[in-house]
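Using the sequences and the hints given, assemble the complete structure.
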Amino acid sequence: MQKNPYMPMPVDVVKIVTEVTTKDIKTFRLAFVNKEDEENFKYLPGQFAELSILGKGESPIGIASSPTQEGYIEFTVQKAGVVTSALHNLEEGTRMGVRGPLGNSWPIDYLEGKNIVIVGGGFAFTTLRSMINYMLHEDNRSRFGNITVVYGAREPGLLIYKDELAGWEKRDDIDMYVTVDKGDETWTGREGFVPTVCKEVGPASENAVTIICGPPIMIRFTLPVFFELGFSKENIYTSLEMRMKCGIGKCGRCNVGEKYVCKDGPVFSLAELDQLTPEY
Amino acid sequence: MEKRLIKKDALNGIISKLSGEMPVYAPVKDEDNVLFKVLEEGMEPLVAYSNTRNAPKNFFFPQTETMMRYMRTEREIKLSGEDGEAREAILFGVRPCDARSFILLDKVFDQEKYKDPYYIDKREKTIIVSLACVQPPYSTCFCTSVGGHPMSEEGADVLLTDMGDNYLAEFITPKGEKLLERMGDLPAADGSADEKKKELSESAEKEIKSHIPGKEIKPWLDDNFEHPFWDTIHQSCLACGTCTYLCPTCHCFDISDEVKGSDGKRIRTWDSCMYWLFTQETSGHNPRPSQKQRWRQRLMHKFKYFVDNFDEIACVGCGRCVRYCPVNIDIRKIVTDISKL
Chain A
14 MQKNPYMPMP VDVVKIVTEV TTKDIKTFRL AFVNKEDEEN FKYLPGQFAE
64 LSILGKGESP IGIASSPTQE GYIEFTVQKA GVVTSALHNL EEGTRMGVRG
114 PLGNSWPIDY LEGKNIVIVG GGFAFTTLRS MINYMLHEDN RSRFGNITVV
164 YGAREPGLLI YKDELAGWEK RDDIDMYVTV DKGDETWTGR EGFVPTVCKE
214 VGPASENAVT IICGPPIMIR FTLPVFFELG FSKENIYTSL EMRMKCGIGK
264 CGRCNVGEKY VCKDGPVFSL AELDQLTPEY
Chain B
12 MEKRLIKKDA LNGIISKLSG EMPVYAPVKD EDNVLFKVLE EGMEPLVAYS
62 NTRNAPKNFF FPQTETMMRY MRTEREIKLS GEDGEAREAI LFGVRPCDAR
112 SFILLDKVFD QEKYKDPYYI DKREKTIIVS LACVQPPYST CFCTSVGGHP
162 MSEEGADVLL TDMGDNYLAE FITPKGEKLL ERMGDLPAAD GSADEKKKEL
212 SESAEKEIKS HIPGKEIKPW LDDNFEHPFW DTIHQSCLAC GTCTYLCPTC
262 HCFDISDEVK GSDGKRIRTW DSCMYWLFTQ ETSGHNPRPS QKQRWRQRLM
312 HKFKYFVDNF DEIACVGCGR CVRYCPVNID IRKIVTDISK L
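Protein chains in written order, with my numbering: chain A, 14 to 293; chain B, 12 to 352.
Be aware that a few hints might be false.
Think about it this way: if two alpha-carbon atoms lie no more than 25 Å apart in a straight line, the pair counts; the simulated DSS-like pairs of lysine-lysine are [what the hints assert, rightly or not]:
1. LYS48/A with LYS89/B
2. LYS89/B with LYS126/B
3. LYS126/B with LYS55/A
None of these hints come from the bench; they were simulated from the model.
Fair warning: this is a prediction, and the values are worked out from it, not measured in the lab.
The structure is reproduced here in structure tokens:
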């Protein structure tokens, strides 16, 4: 019989980064205790895993690191419920569990050879960051066309991965448009809502795919911009969230119509979402 | 297939012998209910019962089940899985509708990519002896409308059919044939038994008086996620979850942790799509915030989503949800009403 898919693998928290001024979003770097588990944990950008705090439970979180980063995996987690609050109280060096990788990924094969537009809002930038680091890796960069990133947050203190954003800004093989709804006295960058910035940037839709993650309100106002630019629903991808437990399509709570977000998603194209019941 | 005859008065002796070799779970009277229980010395299984109040799914998918135990210290966690610990057992006297439910549950728990080791371990080690419904027990039985039959062998390793003086015992699977070796010498059944069974089967089928257009409503369900009809089902629903707990095919569960000092365990328990907490997210968002949406989910899951995924209706027509709903919501009526829209 194959391995028990409900058993978490032991990992050590090797690094914790507080991402935002409100201190409720942290990135956890986890290293596998067993070499064998690390080798078996083969993932692609867009997948997620169940973070396991024994005694508290599990929480499904998108993988924020890229498979090109070896020796560890990263998760950016907002403090919200029982498990994520316990996670936020952990110190470096603590041992915890991880179960995965789970779900499908961004459609890497389909994205190859195309121009990629990444649109993110606030804290929903985690698996997009995974995708960006994946594409920017020297082994992969030539597999993709132009990379355009529009990333926004309400205020400068809420942008996550600030050091990485600065690093990407310096590169000439990725076009970065980082924006905040409202700047502060130290902010010298762009001000404006994500949909407006997308309109200004106006990426060409020919041979291009957009990947978008963010708060529902941002997505609602951004999609019309991309439709106007000529992007079809087949070429806009997003990632869904639902309450989950098992992560492998058995416990029955994360279905949207006949699809389980944990197993058939979380990544869907807008065209695929149109075929599903509007219940998410 | 091996076919043998068991004299009616010999059956209890055979069961009793088997229960000395491995646990035999069989329907027994328990106060006002008939429930599956392990037979202890001197106990006899009920064979003239209609059906158990609870579906037998809990043998493979218990209402509460420990998935793993763990020990936590400052720097270490020790985990041990609770899978692979099932013992060989016999589940005796399962009605054909319930036996068929195992085939449907297998589709969920025993998939190619993700196998549920807890379910599969117990399922593989249990021999299922079904008891055909020569006389379908309830007016609420509707197995023939959802792909079943009162004398179906589907899901059974051994099927017993009451032929009057004898039981016809059909040993359907290799697991069933292995059981035959432990049942002693039994006379072979001849062609006349087959004929008699055929007659019984036809009359049993006629005895099923309740029919629903289970398959026929699928096209309507495909197109009518938003329809005023969905406002008419749920008003009286108490969201008690009885229908899902008694349902042989409902398989939703919750996973939670229980801790005592440094020791703990992760358990799974039955859960229900009838409860609002089932899909409640930490953010406050709930994709199915009202009982209307939850009832639609239950019906859609059984008659559309499961059909989309596995080409089977996730209902075996046992009628438990109809008989035990405290406010008399009748899934047969809902399906029939939909077919008239």
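Hint check:
For the suggested pair LYS48/A and LYS89/B, the alpha carbons sit about 17 Å apart, so the restraint of at most 25 Å is met. Annotation: proposed proximity of LYS89/B to LYS126/B holds, straight-line Cα distance about 23 Å (limit 25 Å). For the proposed pair LYS126/B and LYS55/A, the alpha carbon gap of about 19 Å is at most 25 Å, so the pair holds.
In terms of the numbered hints stated before, the structure departs from none.
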